[in-house]
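With the hints as constraints, model all of the structure from the sequences given.
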Amino acid sequence: MKRRVLGFSGRFRDRPLVYIHNDEEGEPLVDGSSLGIVLAGAGEGEIKEDLLGIIVPEVPEIGPGDFLRFSDGVILKQRHETGTKGSFCVVSKGFLSVSSLFCPWTALG
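Numbering (the numbering used here) for the sequence shown: 689 to 797.
Be aware that a few hints might be false.
[Said to hold, decoys possible] Cross-link-like lysine to aspartate or glutamate pairs, in silico, EDC-like; alpha carbons within 16 Å at most:
no. : residue 1 : residue 2
1   : 765       : 715
2   : 781       : 712
3   : 736       : 712
4   : 781       : 749
5   : 781       : 711
[Stated by the list, open to error] Cβ-Cβ distance ranges computed for the label pairs, FRET-style:
no. : residue 1 : residue 2 : range
6   : 748       : 701       : 18 to 28 Å
7   : 796       : 699       : 28 to 38 Å
8   : 713       : 690       : 11 to 21 Å
9   : 733       : 796       : 12 to 22 Å
10  : 707       : 791       : 15 to 25 Å
11  : 738       : 782       : 18 to 28 Å
12  : 729       : 757       : 15 to 25 Å
13  : 786       : 748       : 10 to 20 Å
Keep in mind that the hints were calculated from the coordinates and are not lab data. Since the model is a prediction, treat every value here as computed from it, not as a measurement. Cβ atoms here follow ideal geometry from the backbone N, Cα and C, with glycine treated the same way.
This is the structure:
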């Protein structure tokens, strides 16, 4: 099954793409704003304003230390043990667009 980004949450919901990168401490930034990054299934409800929700058809099983690789080149790594919707840190920065394909990568070890 191909997994695609359907859109973004909150103030980014009308944008076709966002720029994801890090600040000096390694915390995620979205278009220059300090925001946590989460995956959210379509129709699962509102996401807090201090988070960027990457909206996908179905949230895949993602464990601590696992990665998400997007076809745009962005790579995210799950950093908290909060289930499948934990927040992510940015491993490889770049533009993330609606309709990007993505796949989970399981951490080795």
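Here's how the hints hold up against the structure:
1. 765 <-> 715: OK: residue 765 and residue 715 at ~12 Å, within 16 Å.
2. 781 <-> 712: holds, 13 Å
3. 736 <-> 712: Violated. Residue 736 to residue 712 sits at ~24 Å, over the 16 Å cutoff.
4. 781 <-> 749: Violated, at roughly 23 Å.
5. 781 <-> 711: holds, 11 Å
6. 748 <-> 701: 18 to 28 Å: holds, 22 Å
7. 796 <-> 699: 28 to 38 Å: Hint holds: Cβ distance 36 Å, inside 28 to 38 Å.
8. 713 <-> 690: 11 to 21 Å: Given about 35 Å between the Cβ atoms, the range is violated.
9. 733 <-> 796: 12 to 22 Å: Given about 34 Å between the Cβ atoms, the range is violated.
10. 707 <-> 791: 15 to 25 Å: holds, 21 Å
11. 738 <-> 782: 18 to 28 Å: Hint holds: Cβ distance 22 Å, inside 18 to 28 Å.
12. 729 <-> 757: 15 to 25 Å: holds, 19 Å
13. 786 <-> 748: 10 to 20 Å: holds, 18 Å
In this structure, the earlier hints numbered 3, 4, 8, 9 are contradicted, and the remaining ones agree with it.
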